[in-house]
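Residue numbers (this note's numbering), protein chains in the order written: chain B, 8 to 347; chain Y, 8 to 347.
Just so you know, these hints were derived from the structure itself, not from any lab. Wrong hints could be hidden among the right ones.
Repeated chains share a single entry, so a pair holds when one copy, or any two copies, can fit it.
With a Cα cut of at most 30 Å, we get these calculated DSSO-like pairs of lysine-lysine [claimed, not checked]:
| hint | residue 1 | residue 2 |
| --- | --- | --- |
| 1 | Lys27 | Lys71 |
| 2 | Lys278 | Lys253 |
| 3 | Lys27 | Lys193 |
| 4 | Lys193 | Lys14 |
| 5 | Lys313 | Lys278 |
| 6 | Lys14 | Lys253 |
| 7 | Lys14 | Lys27 |
| 8 | Lys14 | Lys71 |
There are 2 protein chains.
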Amino acid sequence: MKLGTLKDTTRDGRLVIVSKDLTRCSEVPHIARTLQAALDDWEHVAPRLLAVAEGIETGGQPTKRFHERDAHSPLPRAYQWADGSAYVNHVELVRRARGAEMPESFWTDPLMYQGGSDSFLPPRDPIRFPAEAVPGWGVDFEAEIAVVVGDVPLGADETTCRDAIRLVMLVNDVSLRSLIPGELGKGFGFFQAKPSSAFSPVAVTPDELGSAWDGGRLSLPLLVALNGDPFGKADAGADMTFDFPKLIAHATRTRPLAAGTIIGSGTVSNKGRDGGPGQPIAAGGVGYSCLAEIRMVETIESGAMKTPFMAFGDTVRIEMADQSGHSIFGAIEQTLEEAA
Amino acid sequence: MKLGTLKDTTRDGRLVIVSKDLTRCSEVPHIARTLQAALDDWEHVAPRLLAVAEGIETGGQPTKRFHERDAHSPLPRAYQWADGSAYVNHVELVRRARGAEMPESFWTDPLMYQGGSDSFLPPRDPIRFPAEAVPGWGVDFEAEIAVVVGDVPLGADETTCRDAIRLVMLVNDVSLRSLIPGELGKGFGFFQAKPSSAFSPVAVTPDELGSAWDGGRLSLPLLVALNGDPFGKADAGADMTFDFPKLIAHATRTRPLAAGTIIGSGTVSNKGRDGGPGQPIAAGGVGYSCLAEIRMVETIESGAMKTPFMAFGDTVRIEMADQSGHSIFGAIEQTLEEAA
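Using the sequences provided together with the hints, build the complete structure.
This is the structure:
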């Protein structure tokens, strides 16, 4: 089942069930007005939504056209967005580029930060910052996978966490690289450096992912393009040190998680074939899921960063295709614009 | 106007308007079912809620008894909880106790962390942790002031931020002190160390605070008791280096804030009369708003911490009285219990 949220005049938009091929959808106000409402009562609501989804595929359910540009993030606002950093390769590269050792514990104890969740960007809307942001803030994208969970009790084990995964989607975790060092130096973690994120036009139940989903990892290339050129196609299932059940269990160590909590994977990142830093697509590698990573590789290999952060007018596109080449989640496609 | 949320079988409870003396209340489902719904449409909803509040005081409005123990946190879950650390005295003490210098910039650049907001504790419910939490996690309370804002645009100036303050309330920001050093050492900020917080039984509009509220600071003692003994009565208006408009402006530097965002002051903390660390109430001082602070003062003065963190069975009470001695927000009163 694929679920989306159409933008309207309300803060939460309205829930729609979307056809597997992303061309048609049905509104379901008689079942659940919003995705959060569905997640709040998933056990009762999901079977009814599934019946609609089946009707869409068989033709028995009235539908209308679904346009990705009309979609908001599946949860336009959420009660929790916690983002891990499960691809430890990415973390190690960041550290190595600045000459710092990464603690060994990073391979066994997940990194996770609390993100802001009060207003996400629609997946096709621009990212808007004031003039000082370019180049001052170092605007970057981060292509990631995220899951939405149901209620998870305090101290849940990994099996419970695995069973709590309701939906899977893509993320653009917009990051302001130049604000990060100062902010992390203060010790309280990210705040200004992590403005609103955007999620893919649809979120899907894990069964839509077939054999690419093993219950904890999504083994398909995450396609990232910058201004129309392929920039990354890293396999989201490879080099993911902590799978989603591990990330969720980390989050529940000291508190329960409420239904609708979004847990992110962190920037998807693959090692190179020789185990070292990955190579750009142009050099035969799988490329990168953020600009910071190519800049780190440039630093390690040539001593200087060549690729700039995003400029006004730059467009990033994030998408994932199934084994047949069809878009699973629709595309995040965002242009950086100057705020009025 | 005083607003509360009664616990019921729903996740968001139901909004009530509470009498100024906290003894009676009226449900208002015909105006707004939940506090978040009221905040989402405050300009239209607030005047209607105010008419109910006036009716409660004049006797024209039907009411029922209001019991603080029936109240949930005013927002049982919220889309954002961002907590500042505006009493820089507190931060300086923490650092000093461990022999670290505090950067000068901390006096001009606010500290703020992104907190979890998916499930707050009701103000009279126990705080429940597994056995390993005592003494392993170092369970502490933090008594704070918080405001709830309306929509605030990206890059708002302090006047706009001041005008966006809708409600004021108290917080117990439960903190797991022994988990903080490891977590902050990883660089991503608090996560496990900041489990669910609790807020006072009612939130009030700023006009309820009279001359104690100057638009940015609340100048009244914040009363903290531990197992029935007075522990703190620090003036929340004194030594607050960054007032709420400054904290809100800090939060909006790179993104808008959505209606219902909660901004916290951080642990209220006063300097001693000589400008040094504050003294315990028993020694004639105003005491403390968290256990960590008395432990820091003990370390600075005697080289060793004497006061332990919370044990199972310990109860913390947080309240604020107006100039006439009447409770403004009702009391947060929570006992630490072992989770089943």
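Could you check the structure against the hints above and give me the numbers of any it violates, in ascending order?
3, 4 and 6
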